[in-house]
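Student: Sequences are here, hints too, so could you generate the full structure?
To convert, note that position 28 of the sequence shown is 52 in our numbering; the numbers rise steadily by one, no gaps.
Derived by calculation from the structure, the hints in this document are not laboratory data. Heads up, the beta-carbon is just placed ideally off N, CA and C, and yes, glycines get one too. Do not rely on the hints blindly, as some may be mistaken.
As the list claims (entries may be wrong) - No farther apart than 30 Å at their CA atoms in a straight line, the calculated lysine-lysine pairs in the BS3-like style are these: (1) Lys158 x Lys211; (2) Lys49 x Lys90; (3) Lys210 x Lys223; (4) Lys223 x Lys290; (5) Lys90 x Lys290; (6) Lys75 x Lys164; (7) Lys49 x Lys140; (8) Lys164 x Lys211; (9) Lys164 x Lys79; (10) Lys158 x Lys75; (11) Lys164 x Lys223; (12) Lys211 x Lys267; (13) Lys290 x Lys158; (14) Lys79 x Lys160; (15) Lys264 x Lys160; (16) Lys92 x Lys158.
Claimed, not checked - Pairwise CB distance ranges (calculated): (17) Arg93 x Ser138: 19 to 27 Å; (18) Thr185 x Gly53: 35 to 43 Å; (19) Ser286 x Phe213: 24 to 32 Å; (20) Arg80 x Pro43: 35 to 43 Å; (21) Asp69 x Arg155: 18 to 26 Å; (22) Lys164 x Glu61: 19 to 27 Å.
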Amino acid sequence: MGNATSSMASRFAFFPPDPPSYNLKSDDGGKLRISSEVCDQREDDEVEVMKVVTKRGNSIVCMYVKNKRATLTLLYSHGNAADIGHMYPIFTQLSLHLRLNLMGYDYSGYGQSSGKASEQDTYADIEAAYRCLKEKFGVKEEDIILYGQSVGSGPTLELATRLPRLRAVILHSPIMSGLRVMYPVKKSFWFDIYKNIDKIPLVNCPILVIHGTEDEVVDVSHGKTLWELSNVKYEPLWIKGGKHCNLELYPEYLRHLRQFISAIEKLPLPSLEENAADHRTTPPDDEKAKSSIVQLGEKPRCSTGKRDKSRLSTDSKEKSRTSTRSTDRSGKPRNSTDHIDKARNSFDRLGEMVRSVGLCASVDCIKPTVVSEV
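Tutor: Laid out in structure tokens, this is it:
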């Protein structure tokens, strides 16, 4: 049964860039560096590239972006049809503007990682990246935020269920499950993959969900359902007009992430431990952070829908066949006057990085092969 599930997963979900967007080269000191058309790693930057062996025997490529002002570390699981060559400029800009250390990695079979992608391999991949953070860089579990984009929400939530002291989780255009992206199923089947809908109630740290209201690959109902099932809810961001591949182009994307990171930094660790023990939201003492944690039943916030000129970034486009019903909650535009110029400059820089990538015009996020072959 396990082999059948793995086979189904490989047919449904994985489309690594072919050829990979980058190569690995060694400098004079023997250190690995990323070389690609998108970005050549500078010798003086704060990026370390390494290969890590997973428990399933594959060698995966990881990149660690250090920010000297950081207190937290983001472990980022990217979407489909991308590798860390594509993500390199986005990772470095997120680390800079969010003041976080950031670990990105390629799944087995992606980029210069060995092996072939499968659901179980992605679980082993994120576990290896997490282990590298702890053993090589000395990062504590309670200082880690997991970030999962699209298909990356699967390994993110799988790992999150096993880390009781995890600081927080960010889900970017997440899926309820692989099968639910394509069919309006009401229950989980044994052959389904990435059953996030069943796992998210087991996660006991604060969860931020970001999703575009016009997502053409993974319907926004996926994000809303997962948010509703979260134990510790942070104010979600439904980006009005946002699609599957362009959320980074909206100014509120970076602004909301900053607010979330700030709130999480203010949460005392004992409160996080209580969350892990009793599944209840424990608001922090700081009033600003307290207002950011949403209690069950409050209305989530909707974005204004304003964005920079769109261009695809890290996943593909296809008309979604999801029929799970969703009623979008309209909200008033958010007016923010704090550090407008600074935020705009940061967003413009990040948007420039995203637009420069310009990939995923022809590969689906989750797409079945011919049914007769399954």
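Student: Each of the hints needs a verdict: does it hold here or not?
Tutor: Right, here's what the structure says about each hint:
1. Lys158 x Lys211: Outside the cut-off at roughly 36 Å; violated.
2. Lys49 x Lys90: holds (20 Å)
3. Lys210 x Lys223: holds (15 Å)
4. Lys223 x Lys290: holds (27 Å)
5. Lys90 x Lys290: holds (21 Å)
6. Lys75 x Lys164: holds (21 Å)
7. Lys49 x Lys140: holds (22 Å)
8. Lys164 x Lys211: violated (36 Å)
9. Lys164 x Lys79: Cα-Cα ~21 Å, so holds.
10. Lys158 x Lys75: holds (15 Å)
11. Lys164 x Lys223: Judged against 30 Å, a Cα distance of about 23 Å means the pair holds.
12. Lys211 x Lys267: holds (26 Å)
13. Lys290 x Lys158: holds (22 Å)
14. Lys79 x Lys160: Measuring from Cα to Cα gives roughly 17 Å; hence the hint holds.
15. Lys264 x Lys160: It is violated: about 41 Å lies between the C-alpha atoms, which goes past 30 Å.
16. Lys92 x Lys158: Status holds; Cα separation ~18 Å.
17. Arg93 x Ser138: 19 to 27 Å: violated (35 Å)
18. Thr185 x Gly53: 35 to 43 Å: holds (40 Å)
19. Ser286 x Phe213: 24 to 32 Å: violated (41 Å)
20. Arg80 x Pro43: 35 to 43 Å: With Cβ atoms ~24 Å apart, the hint is violated.
21. Asp69 x Arg155: 18 to 26 Å: holds (24 Å)
22. Lys164 x Glu61: 19 to 27 Å: Distance hint for Lys164, Glu61 is violated at roughly 37 Å.
When held up to the earlier numbered hints, the structure conflicts with 1, 8, 15, 17, 19, 20, 22 and fits the remainder.
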